[in-house]
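Following the hints, complete the assembly by docking chains B and C with the ligands onto the known chain A.
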Amino acid sequence: MSDAVAEKPKAITSRHDPRFEVTLYKYIGVENSHTLEFYQSHGGYESAKKAITSMKPVDVVEEMKKSGIRGRGGAGFPTGLKWSFMPPVDGRQRYIVCNADESEPGSCKDRYVLEDDPHQLIEGMIIAGYAISATKGVLYIRGEYYLGYERLYKAIQDAKAAGLLGKNLFGTDFEYEIILHRGAGAYICGEESALMNSFEGFRANPRLKPPFPAQAGVYSLPTTVNNVTSLASAVHIIGKGADWFSGMGTDDSKGFHHVQVSGPAKRRGVYEVPMGISYREIIFDLAGGPTEEVKAFIPGGSSCPMFPFTDQYLDMPMEYASVAKAGSMLGTGGIMLIPQNKCMVDALYNVVRFYAHESCGKCTPCREGVSTWLPSMYKKMLAGLGEKGDLELLEDVSSNIRGRSFCPLADACIMPVQASIKHFRPEYEYIIEHGKSMYPRQSRWAD
Amino acid sequence: MKVKVNDVELDLAPGTSAIDAVFAAGYDVPYFCSQEYMSPIGACRMCLAVVGAPRKERDGSWTMDEATGQPKIFYFPNPMATCTTAIMEGMVIDTLSDVTKKAQGGMMEMHLINHPLDCPTCDKGGACELQDRAYEYGSGHSRFIFDKRHNEKHHALSELITLDRERCIHCKRCVRYFEEVPGDEVLDFIERGGHTFIGTVEEGLPSNFSGNITDICPVGALLDTTSRFRGRNWEYDHTRSTSLDDASGSAITIDARTGRIERIKAALNTQVNKNWIDDGTRFGHEYAASSDRIKTPMLRKNGKLEPVTWEEATLFISEKLKKLSDNQLGIALRSDATLEEGVAAKSLAEYLKTGQIDHYPRYASSVISANPASFNDLATAGAIFVMADATEEVPMVDLRIKDALKGVTPPTLMAHGVPIADLRLKERMPRKTNILSVAAPYRVDLMKYAAHSMVYPTGTEVEVLKQIIDASTDAGKALKESLSAAEKAVIVLGAFVLNSAEASKLADDLAKATGAKVMKLGAMANSFGLESQDVLPAKADYSYPNMLSGSAKALIVSGLNPAQNAEVAQALLKLELLVVHDLFENETTALAHVVLPAKSGYEKEGTVVNLEGRYLNVNPAPVDGGQAVDFTGFVKELGDALNERLEGRSVRSARRLLKKSLELDLSELPLEGTIASAKAGKVAGLKTNTSGNALLVPSMVRSEYLNRNAHLFASTGGNALRLHPADAASHNLSAHDVISVSVGGFKRRLSVQPSESVPEGMMLLPALPDQPVGLVQLDLNSIKKEQVALEVA
Amino acid sequence: MVELETLKPFFAERQDVLNEILGRYPDYGRRSAVMPLLWEVQREERQVNEARIHEIAEILGIQPTEVKGVMSFYSTYHEHAIGKYHLQICSTLACSLAGSDEMYDFISEETGLVNGETDRQGLFSIQKVECLGSCTTAPVLQVNDTYYERVGKSRCQTLLEAFRRGEMPEPWRERYGDNEGAEKAKPLQNTIKTGGNA
Ligand SMILES: Cc1cc2nc3c(=O)[nH]c(=O)nc-3n(C[C@H](O)[C@H](O)[C@H](O)COP(=O)(O)O)c2cc1C
Ligand code: SF4
Ligand code: FES
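Protein chains in written order, with my numbering: chain A, 1 to 447; chain B, 1001 to 1793; chain C, 2001 to 2198.
Okay, chain A solo, but in the shape it has when bound (with noise of 0.2 Å):
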């Protein structure tokens, strides 16, 4: 790094700045790529190398600090803050988790990352690990995700072969081991402390905060919880410099994210972008536009409340500010297009009942509220037997429910409920006035 403060370029902000290039996402889909052979052959373990044997623990926290990276998991936690968290080291065995559970609709980022690029997490881990004196980790993966699984599990024994994983790396005293962990079905696992305790093996409620995973994490220890592109980013953040990676996105949001474009679009798939791109840029020029008339998107996975599908929206820059100002989050990236065609209030049902399925029951909002009466509503209003009050009800209920619940599952299902009804009211009305949807069913299945 040289000291003269030169001009700061311009920061990447579009797929079509040639400066920009796919990094985490090269090797996905490319085949063999999960393979030891494969990562060792382009460039994979050199970042771990860097870190352990070039830099001091507080110096990678302090590089992820500075290229301004927040989690991708959804609640976007600047990473190096929450790794420099960690108490002071007193001979307690730390822990890092990665949280590959992945559950939230609308995200698939990291699957691909589980399946087809299985070493560059578990360089990520080892450099997260090392940040902060973590000699185990532990990887927690959704039990749907078997092929990923299986990937993970023979990547993680022919990196302990290849003595990437275990006592001295890098011919450093650093050791370091992997704990490969499969859940079963769960969304809230993805929840970091429900997590930590279907990992030990209890019901998979969330844990009260205070404490936080830092002073009582996994089995009661230090703990820092972080999703797959979180860490796997960290192999590429000390690969090229923070300054890289801060090269990217806008002042609020740096480096680059990845965009899952599902619904109605002609190209859906999962896209690395840089931060601060625009959502049309991403849903037209990536994912190529609706295949149909679209009324609608969700910015983020779910639980982010959605958009209507106008300039106003499409022109705003993909970052946590004006996400936030506009009322919704960018949570995980996973874009949905809503059709015009399709009944809001059948697609919320769908939401309300993804939610009241995965609710884990433990507090009374959440288990009576969400998974309960939610559901109910809707599925009255789609009978067609919806009564004058009924809205205003849901309304009511909505807001009992909303910012009283144990953790924030009940506000993942509340807010795009919110957020449908505050945009899309006139289909409600409809529904409940008519006895019937504005937008009757139709087959959506292709052959």
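Calculated from the structure, these hints are not laboratory results.
Idealized CB from N, CA, C, for every residue including glycine.
The reader is advised that the hints may include incorrect statements.
[To be verified] Among chain B residues calculated to face chain A with C-beta under 10 Å, some are:
{"#": "1", "residue": "CYS1033"}
{"#": "2", "residue": "SER1039"}
{"#": "3", "residue": "LEU1112"}
{"#": "4", "residue": "THR1433"}
The following block gives chains B and C with the ligands in isolation, referenced to the frame of chain A:
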């Protein structure tokens, strides 16, 4: 720490929960999941309130509110669950605002949407937290028009507890209780989300303290099966008393209706049992309402017992007594007799000039320690050595040891009592099992929770203790060191040690050497009190066993049944007078000249002294006992016949006497009782067997009443003969066989329970008041199978 | 239900598997093995019955009730046997927008089963599941551990026929985007349209 609740300013200890701050301020906030003595978990979300606090600037000064010149209050964006929020300096809690009210009302509504409207047929009706809170915080009408969740309504979790799954509001108190209090995880949530329900795959909830969940369930989901559908809460008379089931002095509430006891609940004694009681105490009351109670005095006429008046009966007795010379009469009380009864018996003995007076069962050594440990000592001990089957002898000792394992000191009481949400308590706290060592002649329950346990050959207590005192084995040395090193160490001694004067002496030496306090587990509820009042024979020859084998010419026994022993029965035939004061006809009443109706422990008024030396009041529940009296009543009636106003002729008279000697007014004891120091009595030695093939062991379920406690009988399968599976096989016995067998001259009816926790070559069976803990010879040839266990192919 | 005939302990002949699983976790975290042990049984026996629950509890030194509490929390452990082909139809929004509701109806009709049922031969069982994390390749049909993505009607039919023959076709991966190999995901130059709802 200064906090403000609405308009009330308070100064509270750091770490206090916001919900306790609200109650301390005299305001109310609804709650369901929080429960005294258990971890707050923030699950029900009823206790929401608007909460704010000031913030500090970087330089440590408060961020000020320009308008008021006061520190600016930053409110949390959402109402907070006050049970899981710790107070902060300057915190402001608002329980009266519209936001708070809407949050609480909304949560109340959600609690009710799936709750069945069966209050009219629910046992909890009138004492239901949900019902009460719905009145206070509910809207009065329901906006939930859908079918409520349907689920099993009469699910027998065990023989003793019935679950109505529809009523459950998922507060998790019951699940947490098992994990946090007894440490038996036998109940859990099954499924998730709206489908979540309470369930178990363990048969019959294997915990000795399962019944407490029926007390803490805030709704009628968990009910005591013995009392289900027997009455509405407002029809019951609630009497707070002290349990006479064991030496703990646990507080109970006796619920009676139309003259009979319907249920026993735990009452709060913060110093003793907190909110809990064991299952033996809770479910073991049915005998008292048994229809075959003796209701009137009876006199043997022409070989047959016939009902007579008290006058006639006592006249008969007095005539006989007058013919006796000094020291010919024996008087024996069971060891759960009250202090007042003890005083009455002593005064009678004095008047009749006899030194033959005793209480039984008792041990060869004193149960009063020179350096006694209290329950709170036990609960805060840094090292505990148990040489007993504590769980069976005094179950509360087991529970309070588990407090010590959690390492959380008993909470400081607040203006409103026990903190509702003690933030130091957590779910699944690690247990310091390392501080607990347990030694017993067979595997006892407590060993599951102890890092160090030892099963020694029966009768070798002396050797075991020597190894520790002499530090002659590694384990013994380690134990002695840990007892010495701990700031507070407690040694718990039960019958196996106390039965041997030599072992007791060694245990006392160990305590002295290590500085440990000692908790001695008395045989029965008032062993401590009766010994301290010297209800003891004037000399060893006058002890109760001796009275039975000829030292007495006449005998008055209360609550004891010596004729169960065939040999003793023969000897009793020779007595000039046999008076039996008891609840039921039995082997001894069959020989008695006079039979007198006694009060059960739920009907007496009096005082007992628990194993800490704590004086506790026993209060009578309004129960129809016919003409039953306690021993003071008997002394009054007899005094009338003798034309003598004897001391101790009433509870009041006995208390007058005791006030002088104790300097304690027993009619004005505080609810949690009073500890007064006491010296060991002159305990005359009792002979104990040093050999035998069977061991009589303590049992929290009182074996003498088990036949009349139908629910307990069903859940335990009756009095058990436990033996190693290999022994069972060699004696041709299989599980659930019901046998009758002669044990030390007693005919016992037992159900066979092979168990790995019994050492080979030893058989265990529950002790009786007349056949106390110790070795005994079981006559293998006398075994008769009454009922052969159903073989499952 | 506890089986009347005595079941052989599951792990008795699988000591190596058991040891491998227990060995993954630190000593103080023995209980963590509960999920992998349940998985092991579920994969082999297509269910976890009460006898196995007791066995796992015994191995881990915890109460059977706790094992049951954990097991029942998740949607992929089953109390009753699932079929040889366990058809899991994702029914969450992205899949629903791609026709998974119709796919469910179709499969239900073809197999004569409804959600949660297993046929008498033990060949098929069907389960509606929530988001499988394959939203960009909806609709998804997960069969046992295999994802079949972008399953159209005719493909669905072909798959069912294959299963009936006892075959398990190779799944293929049809994707767009960077998850198909970064090279192919270049932006479509100059295709940006203005205006949302045309
Ligand atoms: C209901 C709920 C579900 C969640 N699911 C996931 C998930 O599937 N994957 C994930 O990485 N984070 C998930 N999170 C966020 C995690 O709690 C946690 O914030 C995240 O893993 C931290 O990693 P990061 O800082 O790298 O984003 C979820 C949070 C909640 C409240
Ligand atoms: S059964 Fe009672 S104590 Fe247990 S969770 Fe339900 S309401 Fe609470
Ligand atoms: S959330 Fe239940 S008492 Fe606070």
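Each hint, compared with the structure:
| no. | hint | result |
| --- | --- | --- |
| 1 | CYS1033 | 9 Å, holds |
| 2 | SER1039 | 9 Å, holds |
| 3 | LEU1112 | 9 Å, holds |
| 4 | THR1433 | 16 Å, violated |
In the structure shown, a violation is registered for the earlier hint numbered 4 alone.
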